[in-house]
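J.: Single-letter residue listing:
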Amino acid sequence: MRLFNGLIAVVVVILSGILLWDLVQEKLTYPGKKVIIYAGMFGPGEPMQLFYAGPPANVAPEHPFGPDAVEHWHALRTAWPEVEAALVTGYRECFGRPLPPLDDPDPQLVEQYRGLKPDYARRLASALGRLDRSSRLSLYHAFARAHPQFETEMILTFERLHPAYTIGAFEDFERLHPDYAVAQRWDGRWVLSANRGRFLTGSDVPDLITGSQAELRILMRENLALALDRALPPGRGIKPEWVQKGILDGEKAYDDPDRTFRSEFYDWVIDRARYEITPEDRDVSGNPYPVGQPVLYLMPRMAQTAVVYYNRAHFKMIGRDPDDIPETNGEFEQICRQVLAAGKEPIAQDGMTYVTDWWGELVTRIIGDDVYRQSVIGGLPRFAGADADPRYLEIAQRLRRWRGENFWMKGFSASKWPGAQRDFGTGRCTFLHTGTWLPTEIAGTRSWDPEVFDLGCFFFPTVEGGTGDPYKMSCHVQGYAVPRDGDEHEGAVLLLRYLTARSQKPMVEKLNYMPAVKGVAFPAALRDIESRMVNASADDFVSEGPPWYSPKWSKFVFTETANRFFVIRSDNSSPEEFVEELERRSQEHYRKIGRGT
Amino acid sequence: MLLAPAVVLFVTFVGWPALRAFWIALHTWTGFAPRAEWVGLQNFRLLFGDTVFEQAWGIAGVIALGAAVGLICQFFLPRFNPLGLSRRWLGRIRSWAWMPLLVVLAGVLFWWLYAVTDGDSFFRACVKNNFMYMVVGGVFHFLYAFLFAGALNLPSLRGKKFYRTMIFFPSFISVVGVAVLWQRMYDVRNGLLNSLLQALSIEPIEWLSADHMFYAIISAGVWAGVGSQMILLVAGMQRIPPTYFEAARVDGATERHVFLHITLPMIKEVIMITLTLWVIGSLKVFGLVQAFAITHDEKSSVISVRQYELAFSNRDNIYQMGFATAMAVVLLLLIVILAMALRNLRGRDELEF
Chain L
19 MRLFNGLIAV VVVILSGILL WDLVQEKLTY PGKKVIIYAG MFGPGEPMQL FYAGPPANVA
79 PEHPFGPDAV EHWHALRTAW PEVEAALVTG YRECFGRPLP PLDDPDPQLV EQYRGLKPDY
139 ARRLASALGR LDRSSRLSLY HAFARAHPQF ETEMILTFER LHPAYTIGAF EDFERLHPDY
199 AVAQRWDGRW VLSANRGRFL TGSDVPDLIT GSQAELRILM RENLALALDR ALPPGRGIKP
259 EWVQKGILDG EKAYDDPDRT FRSEFYDWVI DRARYEITPE DRDVSGNPYP VGQPVLYLMP
319 RMAQTAVVYY NRAHFKMIGR DPDDIPETNG EFEQICRQVL AAGKEPIAQD GMTYVTDWWG
379 ELVTRIIGDD VYRQSVIGGL PRFAGADADP RYLEIAQRLR RWRGENFWMK GFSASKWPGA
439 QRDFGTGRCT FLHTGTWLPT EIAGTRSWDP EVFDLGCFFF PTVEGGTGDP YKMSCHVQGY
499 AVPRDGDEHE GAVLLLRYLT ARSQKPMVEK LNYMPAVKGV AFPAALRDIE SRMVNASADD
559 FVSEGPPWYS PKWSKFVFTE TANRFFVIRS DNSSPEEFVE ELERRSQEHY RKIGRGT
Chain G
-4 MLLAPAVVLF VTFVGWPALR AFWIALHTWT GFAPRAEWVG LQNFRLLFGD TVFEQAWGIA
56 GVIALGAAVG LICQFFLPRF NPLGLSRRWL GRIRSWAWMP LLVVLAGVLF WWLYAVTDGD
116 SFFRACVKNN FMYMVVGGVF HFLYAFLFAG ALNLPSLRGK KFYRTMIFFP SFISVVGVAV
176 LWQRMYDVRN GLLNSLLQAL SIEPIEWLSA DHMFYAIISA GVWAGVGSQM ILLVAGMQRI
236 PPTYFEAARV DGATERHVFL HITLPMIKEV IMITLTLWVI GSLKVFGLVQ AFAITHDEKS
296 SVISVRQYEL AFSNRDNIYQ MGFATAMAVV LLLLIVILAM ALRNLRGRDE LEF
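Each protein sequence line maps, in turn, to chains L and G. Going by my numbering, 181 is the number at position 163 of the first sequence; the sequence numbering is gapless. Going by my numbering, 89 is the number at position 94 of the second sequence; the sequence numbering is gapless.
Misleading hints may appear alongside valid ones.
[What the hints assert, rightly or not] Over the 12 Å line for every Cβ pair with chain L, so calculated as not near, a few chain G residues:
#	residue
1	Met(-4)
2	Arg40
3	Glu304
[What the hints assert, rightly or not] Label pairs and their in silico Cβ distance ranges:
#	chain 1	residue 1	chain 2	residue 2	range
4	G	Phe105	L	Glu606	17 to 27 Å
5	G	Ser116	L	Gln392	23 to 33 Å
6	L	Ile611	G	Phe5	55 to 65 Å
7	L	Gly220	G	Arg40	27 to 37 Å
8	L	Ala249	G	Phe105	39 to 49 Å
9	G	Leu176	L	Gly614	54 to 64 Å
10	G	Pro260	L	Gly206	20 to 30 Å
11	G	Phe5	L	Pro49	54 to 64 Å
12	L	Glu606	G	Arg82	54 to 64 Å
13	L	Gly422	G	Ser116	26 to 36 Å
14	G	Leu340	L	Gln392	53 to 63 Å
15	G	Ala16	L	Val28	44 to 54 Å
16	L	Pro275	G	Ser116	19 to 29 Å
17	G	Ala16	L	Pro275	33 to 43 Å
Bear in mind the hints are in silico, worked out from the structure with no lab data behind them. For each residue, glycine too, the CB sits at the ideal point set by N, CA and C.
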């Protein structure tokens, strides 16, 4: 019995110790500091590209630290003799052969490497050629701010992690604001899901959380995030300026006290990042904001739009000026046929990923976003039947015709993401329809030989005779939300201002993302669309689409109908069957779950 | 007193969450805030459709009939014996004779639910896929497991440890690793399988297309899991005293006779345990299916994957924790029913040797 009691006592002590550590670890880890908990996600497609796509075919990357860029290896070795052993060993381990000899490395290059700080040189030597995460992180961390001349090369070499920028930015922030410490949590792609338990229990809630506007909307619906452009009710951690003017107008730009925080962003980006309060939000979740009023809940970090990427090398191959982008669908189809005749495959596609985007684009151009919305939420016109708009069937027939003409790459229905991106980036296909994150995602797997692959993009072309929205663009915003139950609102907003000013600009620029903040150059791959995006207003964009205004219809009706019957993926049904099935399922959905859901 | 810690842990981490799951299934809940909206049986109605609820009395009648048969055969007849049956017959009725009727009733019930349900067709497809995984995957699992176990039990086979290790080795690999490995093999352009087909001048197959994906997953699962079944069967076979085999061989029995008439009956208990574990595992299968593709359609999704998508997926942003929990409740009931049925099939008599 004594032994038993003793065992129980030991278990209780251990469990109490764990609990105590959980409660005080931040105070012990960051003594005397105000801790800002940052819940971030990794960049899209970060390790998954190589993981799923396998080694790239026929790709000879031209960057300083691949196996053939011997002059860089030797320059570093000459500049830092103490790291020679690590370099030689590292080369052999990574590439399976000895470092080729070189008698006289370029003196200019040697001088550049001599300018490295000793700690960075050592970290560089130990991380070169290695693809494991900790080595790359260590490398990027070392280079994040001190050596911009190598930044781009490093990014492209090791398929950069944008957390590396953020980590460097956090350390810089902590140096500038020694009262604060940033506790970083890298929660993978689905940051919100990873933090769900914390929101539910109200314990250890992050002070800043990243995500897309669609993902983070649930925080606003459940009254779990602070509104960023509204006067806030007084409370713990709420500054008087926020009570009067809200965060966006109450705070100043980080680097310019004469400007408001709002002025850092494009107006259309702010407009896109708003959420309209519904009666349910107010009644069920206790949301304090008026019904029907859009509220900003997401501080934008970057924006994404959907474009058709194309391989300029293929345009040259078929005798077309690479800058001569198709303005109409007729031209687009003609190019597809020419590409086919030249022995290439027109459209890269994965079987289950983004395949329905073609439907969405054609609907926008031919029928119009507003009309589509009415059909989706249960109004008129319908997809099939007496009240149908026949153009829905025409769109399905057009897509079936494209499939019949082999516009989509062979075997696409069995291709898994990111197979299509890999095939596109290695010059197999001419077109790929996806978001503006693509240049970053394929940096590690694409061909850098301009004769094989040269990236360009354009917005989906107009459709002859279409009466929809011929020039409207889509836009999705990613950014930060400030959870209501976080403990350090003041620090979180300060960090937000700092990240917007100091980190987002170089990061977005270097990582080829489309910026949400002013003063950032568009990535070279997206220059074709820059002027339209920069000068855009709210009227130039379509709505977020059914996933935004009817998420359940989008999931349970459209996606499931498209998976079973979609005219691109399946030969098992006709275009008529597709629109009829879409209509039948829609009616069933309205009956069981409701319209507009 | 000594059981108290285990009981406390069980109640805290198993019992209470299970009871709570039943409660959550009666609500609409996103899982982000404590507020949940009571909807009663609405989630189950969405799963099974209105027709099932309208015919609930009939369905309840079938269930009640099955329960009555079980009670009569298990308790009433043996205790009161109104028909004056012999002890031998009472024993047979109690142990197995009532099972065929129960199986028929269960079949009628499942057919009825499947035929008349006009609820969530995706869920129905997932249930079908789970059963396909159980049956098709099970056939191949046990076929190969018996084959390998029988071979490893042969006295004349050399290198048994090597073969056992090689066959069991895939079980060490995580399901995500298995999925990635097989995805590469199935790749339509650069995969090993299509490369072999092309070498034989055969047209490549789209292994991961919608029509073939599920069977591709089953094949990968068989490769990864057959070692575990084999090990259990080998362990069971090695418990059998060799005297039985020697006696049989002396009497002129062939290896086939020995396997069918000595080995199999003597490892019946092990087979039933393995079968029970397989049935439960195949109904709960998640990791392998989820890792094979980012999204699944009706032809390749299973109940657990569907639940996960609805409850946790940020991709669709619908967060239907209540509806997904209702699916979990149905899955639990399915598992309990099948596990109990298998337990009764096992019978009460244990073979001792």
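J.: Run every hint past the structure and note whether it holds.
T.: Hints, verified against the model:
Against the 12 Å criterion, Met(-4)(G) falls within the reach of chain L, whose nearest CB is about 8 Å from its own CB. Its closest Cβ contact with chain L, about 8 Å, brings Arg40(G) to no more than 12 Å, contrary to its assignment away from the interface. At the 12 Å boundary, the C-beta of Glu304(G) falls inside the reach of chain L, the nearest C-beta of that chain being 8 Å off. Range check, Phe105(G) to Glu606(L): Cβ separation about 24 Å, and the 17 to 27 Å hint holds.
Distance hint check for Ser116(G) and Gln392(L): the Cβ-Cβ separation is about 26 Å, which falls inside the suggested range of 23 to 33 Å. The given range of 55 to 65 Å is broken by Ile611(L) and Phe5(G), whose C-beta atoms sit roughly 38 Å from each other. Between Gly220(L) and Arg40(G) the C-beta distance comes to about 33 Å, which sits within the given range of 27 to 37 Å. Judged by the Cβ atoms, the range 39 to 49 Å given for Ala249(L) and Phe105(G) is violated: they are separated by roughly 59 Å.
Take Leu176(G) and Gly614(L): their Cβ atoms lie about 45 Å apart, and the range 54 to 64 Å is violated. Checked against the hint of 20 to 30 Å, the pair Pro260(G) and Gly206(L) fails, with Cβ atoms roughly 51 Å apart. In this structure the hint that Phe5(G) and Pro49(L) lie 54 to 64 Å apart at CB is violated, the actual value being about 40 Å. In this structure the hint that Glu606(L) and Arg82(G) lie 54 to 64 Å apart at CB holds, the actual value being about 57 Å.
Distance hint check for Gly422(L) and Ser116(G): the Cβ-Cβ separation is about 29 Å, which falls inside the suggested range of 26 to 36 Å. Hint check: Leu340(G) to Gln392(L), Cβ distance near 57 Å, so the stated range 53 to 63 Å holds. Evaluation of the 44 to 54 Å hint for Ala16(G) and Val28(L) yields a failure: the beta carbon distance comes to about 33 Å. A C-beta distance of roughly 60 Å is found between Pro275(L) and Ser116(G), which places it outside the suggested range of 19 to 29 Å.
As the Cβ distance of Ala16(G) to Pro275(L) is approximately 54 Å, the hint placing it in 33 to 43 Å is violated.
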